[in-house]
Amino acid sequence: DGGITQSPKYLFRKEGQNVTLSCEQNLNHDAMYWYRQDPGQGLRLIYYSQIVNDFQKGDIAEGYSVSREKKESFPLTVTSAQKNPTAFYLCASSWETANTYNEQFFGPGTRLTVL
Amino acid sequence: EDQVTQSPEALRLQEGESSSLNCSYTVSGLRGLFWYRQDPGKGPEFLFTLYSAGEEKEKERLKATLTKKESFLHITAPKPEDSATYLCAVRAFTGGGNKLTFGTGTQLKVEL
Numbered sequence: 000d001g002g003i004t005q006s007p008k009y010l011f012r013k014e015g016q017n018v019t020l021s022c023e024q025n026l027n028h029d030a031m032y033w034y035r036q037d038p039g040q041g042l043r044l045i046y047y048s049q050i051v052n053d054f055q056k057g058d059i060a061e062g063y064s065v066s067r068e069k070k071e072s073f074p075l076t077v078t079s080a081q082k083n084p085t086a087f088y089l090c091a092s093s094w095e096t097a098n099t100y101n102e103q104f105f106g107p108g109t110r111l112t113v114l
Numbered sequence: 199e200d201q202v203t204q205s206p207e208a209l210r211l212q213e214g215e216s217s218s219l220n221c222s223y224t225v226s227g228l229r230g231l232f233w234y235r236q237d238p239g240k241g242p243e244f245l246f247t248l249y250s251a252g253e254e255k256e257k258e259r260l261k262a263t264l265t266k267k268e269s270f271l272h273i274t275a276p277k278p279e280d281s282a283t284y285l286c287a288v289r290a291f292t293g294g295g296n297k298l299t300f301g302t303g304t305q306l307k308v309e310l
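Sequence order for the protein chains is P and S. As numbered in the numbering used here, residues 0 to 114 make up the first sequence, in order. As numbered in the numbering used here, residues 199 to 310 make up the second sequence, in order.
Note that these hints are calculated values from the structure, not bench results. All clues given are correct.
Dumping the calculated DSS-like pairs for lysine-lysine here, alpha-carbon to alpha-carbon at most 25 Å:
1. S:297 / S:255
2. P:8 / S:240
3. S:297 / P:69
Pulled a few chain S residues facing chain P out of the computed Cβ check, cut under 7 Å:
4. 232
5. 240
6. 241
7. 242
8. 244
9. 247
10. 300
11. 301
12. 302
FRET-style restraints, in silico, Cβ to Cβ:
13. S:244 / P:72: 17 to 25 Å
14. P:51 / S:201: 29 to 37 Å
15. S:310 / P:26: 36 to 44 Å
16. S:207 / P:55: 29 to 37 Å
17. S:218 / P:55: 34 to 42 Å
18. P:4 / S:207: 28 to 36 Å
19. P:61 / S:215: 43 to 51 Å
20. S:256 / P:61: 40 to 48 Å
Note that the Cβ used here is the ideal one computed from N, Cα and C, for glycine as well.
Please work from the sequences and hints to get the whole structure.
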C-alpha cells in the first residue's frame, strides 16, 4: 500500500529535550511538508522540501529543524528552543511539477506532549 | 496576506438534512482550492481540488463548488458517518513552493 507513515503516534517530551518525529512516504512524491495543528487554529506550515537536500522555512520554523537526505524521508526535530511544542504534528507530501498545483496527502499525525 | 475563513464553526444536522459549508478566501491569485475531511486524532483526508470559478466536483454525498470569492461544500442527505471536521485550504501564487493556507474548519455532527 502506498502512503505516508509517521512515528511515533504519541510522544512525550521533558522540558529541555530535543525530540525527532519521523515521516516516511512511498508515493514517490517530490515534495514533503510539516504542519502543526493546534485547537481552534488552522494548520500552520513549519518547513517544506521540494527536492532532496533542499528545504525552506515555513511560517513558524523557529525552534524546529529538518533534513531531507532521502526522497522518502523528512524527519522533524523539535528543539528545546521551541517554547510551546505541545501540538498535533502532520506530515504531508505531493507531486511537484512545473505550473501545476497538486493536492497534498497527509500522514496520520504525531501528538507531542511536553511534560 | 492570504486568508481563509470557514463558516459555521460547528454544524449539527439530522440524518438526511442537507446543508452547505462555506469557505471564503482572500488571495492574490488563486492557484487551487482544496477540501479535506479530518476525523478526530487523524490526518486530513483529501476530498477535492477546484481551480477556477464555476468548477464543480462531486463524490458520493458531497459536492464542492467554487466562485471568485468562496467555495461551498454541499452535503446531500448526510449520514452519521459524514461526521468530521471539514477543512478548506488555498494555494496562491507566491512564487515559492506548494504552500497552502488553511481555514480553521467546520465541525460537522450528523445525528440519527
